[in-house]
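Numbers 1 to 160, taken from the UniProt record's numbering, label the letters of the sequence shown in order.
If you're looking for bench data, these hints aren't it; they were derived computationally from the structure. These numbers were taken from a predicted model, which means no experiment stands behind them. Any given hint could be a false lead.
Here are the computed lysine-lysine pairs in the DSSO-like style, where the Cα-Cα straight-line distance is at most 30 Å [claimed, not checked]:
hint : residue 1 : residue 2
1    : 133       : 115
2    : 101       : 115
3    : 94        : 112
4    : 108       : 126
5    : 108       : 89
6    : 101       : 112
7    : 130       : 112
8    : 89        : 112
9    : 98        : 108
10   : 105       : 89
11   : 115       : 126
12   : 89        : 101
13   : 115       : 105
14   : 94        : 105
15   : 108       : 94
16   : 98        : 126
17   : 126       : 112
18   : 115       : 130
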Amino acid sequence: MASNTPTASAPLSSAEVEGMLAMLVQGLDTIEAATSKLSEKLEKGLIQGLMAQDRSEEVLQRQLDDSAMEVATLQRRLQDLDRDQCVTKMRVTKLEEKSAKLEEKYAKLERKSAKLEADLPTTYLKLLNKLGKLEHRIADMEEARHVEQHERSSKGAGNV
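Using the sequences and the hints, build the whole thing.
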């Protein structure tokens, strides 16, 4: 019997998890209905067998064997569904844990963003202040370079 057991490596979306759970419930309902039908079949078969003396023991044994095979098949399907449900529950738990971690990270990022937004005017003013200081340093350095060049050219003109 083929099993639709999902692989453990692929993360599932909420819709997929809900779909799998719906399939599990539907499968359990199908098993319950089949078991009920099987029970009805067995009851009819036994009553007819007792009432009709002409039926042979071989016919009854064949019906019991068929029913036993159906029950065994249904039990295997139920085990497969139970296994699938356990895997699904584990995946849901992992997804819930990942979701909680992501929510924590998101909250942390929101706090950092709010702090950066609050600090933005101060940071902007600090950067403007540093830019002004750098402009003054550059201007001072250029002035010193011009003075130095002027002194060199003056010395060079005096040595000629």
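Worksheet item: Hint by hint, which ones does the structure fall short of?
Response: Hint check: 8 and 16 fail, others pass.
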